[in-house]
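Chemist: Below, each chain spelled out in residue letters.
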Amino acid sequence: MCNAADHESRPRSMLCILPPYILREIAKNGTAEQRAAALEALGVDQAIRDQRAAAAPASRLASAIPPKRTGKRAAPKPRRTIYTAAGSQKLPGKIVRKEGAAASGDAAVDEAYDGLGATFAFFLEACQRNSIDDAGLPLDATVHFGRKYDNAFWNGSRMVFGDGDGKLFNRFTVALDVIGHELTHGVTEREAALVYQGQPGALNESLSDVFGSLVKQHALKQDAEAADWLIGAGLLAKGVKGVALRSMKAPGTAYDDRVLGRDPQPAHMQDFVRTTDDNGGVHINSGIPNRAFHLAATAIGGKAWEFAGRIWYEALRDPRLKANANFAAFAKLTVAVAGRLYRPRGREAAAVAKAWQQVGVL
Amino acid sequence: MASDPAALRVTLRIDGGFAHLPGLARPIALNAAQLGDEHAAQLQRLCDSACAVAPTRKASRAAAVPDGRRYRLTVDLGDSRREVTATDPVETPAIAELIAFVEKHGQR
Numbered sequence: 000m001c002n003a004a005d006h007e008s009r010p011r012s013m014l015c016i017l018p019p020y021i022l023r024e025i026a027k028n029g030t031a032e033q034r035a036a037a038l039e040a041l042g043v044d045q046a047i048r049d050q051r052a053a054a055a056p057a058s059r060l061a062s063a064i065p066p067k068r069t070g071k072r073a074a075p076k077p078r079r080t081i082y083t084a085a086g087s088q089k090l091p092g093k094i095v096r097k098e099g100a101a102a103s104g105d106a107a108v109d110e111a112y113d114g115l116g117a118t119f120a121f122f123l124e125a126c127q128r129n130s131i132d133d134a135g136l137p138l139d140a141t142v143h144f145g146r147k148y149d150n151a152f153w154n155g156s157r158m159v160f161g162d163g164d165g166k167l168f169n170r171f172t173v174a175l176d177v178i179g180h181e182l183t184h185g186v187t188e189r190e191a192a193l194v195y196q197g198q199p200g201a202l203n204e205s206l207s208d209v210f211g212s213l214v215k216q217h218a219l220k221q222d223a224e225a226a227d228w229l230i231g232a233g234l235l236a237k238g239v240k241g242v243a244l245r246s247m248k249a250p251g252t253a254y255d256d257r258v259l260g261r262d263p264q265p266a267h268m269q270d271f272v273r274t275t276d277d278n279g280g281v282h283i284n285s286g287i288p289n290r291a292f293h294l295a296a297t298a299i300g301g302k303a304w305e306f307a308g309r310i311w312y313e314a315l316r317d318p319r320l321k322a323n324a325n326f327a328a329f330a331k332l333t334v335a336v337a338g339r340l341y342r343p344r345g346r347e348a349a350a351v352a353k354a355w356q357q358v359g360v361l
Numbered sequence: 000m001a002s003d004p005a006a007l008r009v010t011l012r013i014d015g016g017f018a019h020l021p022g023l024a025r026p027i028a029l030n031a032a033q034l035g036d037e038h039a040a041q042l043q044r045l046c047d048s049a050c051a052v053a054p055t056r057k058a059s060r061a062a063a064v065p066d067g068r069r070y071r072l073t074v075d076l077g078d079s080r081r082e083v084t085a086t087d088p089v090e091t092p093a094i095a096e097l098i099a100f101v102e103k104h105g106q107r
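Listed in order, the protein sequences are those of chains A and B.
Count the first sequence with numbering that gives the first Met the number 0 and you get residues 0 to 361, in order.
Count the second sequence with numbering that gives the first Met the number 0 and you get residues 0 to 107, in order.
Check before you lean on any hint, since a few could be wrong.
For lysine to aspartate or glutamate, the following EDC-like pairs were computed, each having C-alpha atoms within a straight-line distance of at most 20 Å [unchecked claim]:
#	chain 1	residue 1	chain 2	residue 2
1	A	K89	B	E90
2	A	K147	B	D36
3	A	K89	A	E188
4	A	K147	B	E102
5	A	K220	A	E305
6	A	K237	A	D255
7	B	K103	A	D270
8	A	K147	B	D14
9	A	K93	B	D14
10	A	K166	A	D255
11	A	K248	A	D270
12	A	K166	B	E102
13	A	K240	A	E305
14	A	K89	B	E96
15	A	K147	A	D105
16	A	K147	B	E90
17	A	K248	A	E224
A few chain A residues that don't get close to chain B, going by computed Cβ distances all over 12 Å [claimed, not checked]:
#	residue
18	A73
19	A134
20	G260
21	R261
22	M268
23	K302
24	P318
25	A327
26	A328
27	Y341
28	P343
29	Q357
Quick caveat, the hints were computed from the structure, so don't treat them as lab data.
Where is the CB? At the ideal position from N, CA and C, for every residue including glycine.
The shape of chain A in the complex, shown without the other chains (with noise of 0.2 Å):
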């Protein structure tokens, strides 16, 4: 376990989660992909706190930033509990993992802590957030969840993943920024609340997606344009005619199956589908401002997390984003947002407008 971090003027980083897993079988369905991760766990800086603090004065970050303290203090770690449900519904199911535990030999248990671990990494070393509150809150996971079932969820305090029927989806954990997806449920829930329905309920979705694709850009230490910005790499099965579930790069290109259909992400605002599935589309229109975040961070370069991620993170925690915020107002936040951090009227702040002009937002 990583346990370092000291008080210099840059926080330490450790070697200290060497995930062997996770996107082994990504390869499958001729992505080709192989990834392999070394993660850092950092200690948080006093002085980065600080710089925050100064750089977002009336956030919802005053009250999640701790008292400052003197001397040599341990950095935040996680701490992860993993159940199975055996193949059942019942929740939370039995404890097969704990913090600290040495691998248990099920790929998906292993994966499941593995990616909890790097979620935390990313949001702590990243956002400088420590877990989901912000408050170090334990990391709880249940997989083996139902037979052959194919989906994941967060259901307020738990992330939970399913197997896969084999035939078009592999198990649920194979993919790390769908870990990440999950986690970020919990961290939009304990900030703006987005409401779960229509265009914040799509902005909700893009947000885990967003956060979800950086968990696994930061991991890989990938910049923006070396990122494969898909969500789901490696989860349909082999034979199912696709690379991954959503494409936020090229909304509606994902898969293009005879069983699964066709992706129906707009990319465009004159494309925005109005349904009553999907609670409004959730997973649909979420396309738009995926797409908005990736032209953003691309025009922007560098690690997407570093300048697109932060802007898009202190939007979510800006007291101003309402539950029912559409996506017009989320996008006018991340200009303003982006000015504050940075420069009014800088490249930054231009790069997000333009982005969300190219998408029909603004």
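Guided by the hints, dock chain B onto chain A, whose structure is given.
Modeler: Coordinates of chain B only, in the frame set by chain A:
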């Protein structure tokens, strides 16, 4: 419920979920007449059990959790129609078993 297994028809609609894909949103239909006697009788028992424990329509409108799926089972037998709804996690075994049975034996 009446006791003619051969006339029983069940339709399952699954909505939402992390993997909300158009192909999976198509209803799954299962006719008892297409099943062998043993499975038809099992379907009848599962429907009886699920309908007996199904919450009222109002109570079953609980909001889905993020990425949770909604299930709507329509059980037709002659002129009688019963509807059973549930959301993830499906904690009622009788309903979970009926959903699993229809997914396994039914056709989209």
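Chemist: Checking against the hints above, which ones are violated?
Modeler: 2, 3, 7, 9, 13, 20 and 21
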